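J.: Starting from the known structure of chain S, arrange chain P on it as the hints suggest.
The listed protein sequences derive, respectively, from chains S and P. In this text, residue positions in the first sequence follow numbering that gives the first Met the number 0: the first is 0, and each later residue adds one. In this text, residue positions in the second sequence follow numbering that gives the first Met the number 0: the first is 0, and each later residue adds one.
If you're looking for bench data, these hints aren't it; they were derived computationally from the structure. Treat the numbers as computed from the prediction; the structure is a model and nothing was measured. Keep in mind that a hint or two might mislead.
Looking from chain P toward chain S, a few residues come up when the C-beta cut is under 8 Å (computed) [as the list claims (entries may be wrong)]: (1) A28; (2) G31; (3) Y33; (4) H35; (5) Y36; (6) K42; (7) I44; (8) K50; (9) L75; (10) N77; (11) T80; (12) K139; (13) C140; (14) A146.
Glycine included, C-beta positions come from ideal geometry on N, C-alpha and C.
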Amino acid sequence: MPSSACSKFLIQNKMETEKDKSKTRRDFFKASALVATGLALNAVVMKPGRAAAEIERATAAKIPDPDVQYGFAIDLDKCIGCGNCAKACKIENDVPQEPFYFRTWVEQYVVKCDETMKIESPNGGIDGLKQSVSKEGIEKSFFVPKMCNHCAKSPCEQVCPVGATFRSPDGVVLIDKEYCIGCGYCVQSCPYGCRYISPITHTVDKCTMCYHRLKKGLQPACVEACPTGARMQGNLRDKDGPLVKFIKEHNCRVLKPHLNTAPKLFYNSLSEKVI
Amino acid sequence: MPQQVTRLLIVFAVFIGMFLVAAAFLKPASFGEYGHYRGNAIKEIAAKEIKFVDRKSCANCHNDNSDALAGAEHALINCQTCHGPGYKHNQWFEQNKSRFMRQDPASGIWTVDTILVRAAKDIPEEYKLLKPNERDACLKCHAINAARREKVVRQIDVTDHYDVKKKCVECHPPHAPNS
Chain S
0 MPSSACSKFL
10 IQNKMETEKD
20 KSKTRRDFFK
30 ASALVATGLA
40 LNAVVMKPGR
50 AAAEIERATA
60 AKIPDPDVQY
70 GFAIDLDKCI
80 GCGNCAKACK
90 IENDVPQEPF
100 YFRTWVEQYV
110 VKCDETMKIE
120 SPNGGIDGLK
130 QSVSKEGIEK
140 SFFVPKMCNH
150 CAKSPCEQVC
160 PVGATFRSPD
170 GVVLIDKEYC
180 IGCGYCVQSC
190 PYGCRYISPI
200 THTVDKCTMC
210 YHRLKKGLQP
220 ACVEACPTGA
230 RMQGNLRDKD
240 GPLVKFIKEH
250 NCRVLKPHLN
260 TAPKLFYNSL
270 SEKVI
Chain P
0 MPQQVTRLLI
10 VFAVFIGMFL
20 VAAAFLKPAS
30 FGEYGHYRGN
40 AIKEIAAKEI
50 KFVDRKSCAN
60 CHNDNSDALA
70 GAEHALINCQ
80 TCHGPGYKHN
90 QWFEQNKSRF
100 MRQDPASGIW
110 TVDTILVRAA
120 KDIPEEYKLL
130 KPNERDACLK
140 CHAINAARRE
150 KVVRQIDVTD
160 HYDVKKKCVE
170 CHPPHAPNS
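Next up, chain S with everything else stripped away, as it sits in the complex (with noise of 0.2 Å):
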């Protein structure tokens, strides 16, 4: 559309120039502008969705953020172990639906009476987790969401031989693909078991807090898909931030501190014998 009538206009311009001889290219020029800038705005009042999409460039996230550095938190006491983070994790990233692939999981912990402790998992509790145990058997029971902790001192960074593994500048651990060789120190060196090594790319994998949700404006899809807001994730400089509140007001504390790995997963409620 823009080019015929600027064609037209073009043809209109000449015979004016052979009637008027004073016209200048000047002019000509200023007329070109005027015509191209009605037809912009022409355009996004148009379409309406081009310029939505503008305004979503402008206030995009910027990639990476040095500004912020992403966290997490569970809080366990609301936790119902239904999965659907679970379920929701491994359709948003295209996670392999076979029962070993996880990027976060739900597990089950039973203490029984005779102080022995159950701990299962079953399908990563993707299809709602059930009580195995017996009522009169139990002393005590909860769930624990398992996911990638997002160290900063990650051990799965330092093992890998071809820097695959990286912290980005935000706070979350991430994996390039293509330096990945598959070798598996790194799901050894996890002292969470967060990673596994991917079926169809033959390269490691694991959760990425969502980086392509977060930096569209999105909440992580475990965190859209609890039921109870259980799961939270926010950005731990900003201490007004709903996360960093949540943390101060409630007994939070990581898994495994002792191995110094200075997690960005922060869990309240969380039992002596799970750590």
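T.: For chain P alone, coordinates are given in the frame of chain S:
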């Protein structure tokens, strides 16, 4: 300088030169941008498409359902937790947008007409979302479990809750289960 040292230095210089040339060709442009890794890897990861769409987007067309949900016990639950990821569902409407556009006669501005959208009945199967009305879908959250806190979610005994043969949705509308 002894001859052998000079030769050694020449060999070293050649090797270092070869290394620098090879590094210049093989090193990706974005390597070292933020640290000892390929900077573009971050951007590639960030560029991945999303599948669970913005939770507010469903209300654009299903405001009756979202209104029902908002005031009820299931208000905290994302539509997509029950219905599955919405990207394909939304994609169909995006692709067929031209069908639903209407021009305002006064201003001449084209907008999506939600009445036209809601009347669409020909959505292909693969673009439809799940309707999880079987008992197991509800029991994932509501079956009795010692680890579930009663103050977070009410639980029922599956074998002894009114009519065990009926679907839950026959008695409890899923969006406002207590009404």
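J.: Against this structure, judge whether each hint is valid.
T.: Comparing the hints with the structure gives:
Proximity of P/A28 to chain S is violated relative to the hint, the smallest CB-CB distance being about 13 Å (cut-off 8 Å). Proximity of P/G31 to chain S is violated relative to the hint, the smallest CB-CB distance being about 11 Å (cut-off 8 Å). With its C-beta approaching chain S no nearer than about 5 Å, P/Y33 sits inside the 8 Å limit, and its interface hint holds. Checking P/H35 against chain S: minimum C-beta separation of about 5 Å stays under 8 Å; hint holds.
Taking 8 Å as the C-beta cut-off, the interface hint given for P/Y36 holds, the closest approach to chain S being about 4 Å. Taking 8 Å as the C-beta contact cut-off toward chain S, the hint placing P/K42 at the interface holds, the least distance being around 6 Å. Interface hint status for P/I44: upheld, as the beta-carbon distance to the closest one in chain S is roughly 5 Å, under 8 Å. A distance limit of 8 Å between C-beta atoms decides the matter here; for P/K50 the minimum to chain S is near 5 Å, and the interface restraint holds.
About 6 Å separates the beta-carbon of P/L75 from the nearest beta-carbon of chain S, less than 8 Å, and the hint is met. Interface restraint check for P/N77: the shortest CB-CB distance to chain S comes to about 5 Å, inside 8 Å, so the restraint holds. Taking 8 Å as the C-beta cut-off, the interface hint given for P/T80 holds, the closest approach to chain S being about 5 Å. The interface hint given for P/K139 is met, as the beta carbon of that residue sits about 3 Å from the closest beta carbon of chain S, less than 8 Å.
With a least beta-carbon distance of about 5 Å to chain S, the hint placing P/C140 at the interface is held under the 8 Å criterion. Because the smallest distance between the Cβ of P/A146 and any Cβ of chain S comes to about 4 Å, under 8 Å, the interface hint for this residue holds.
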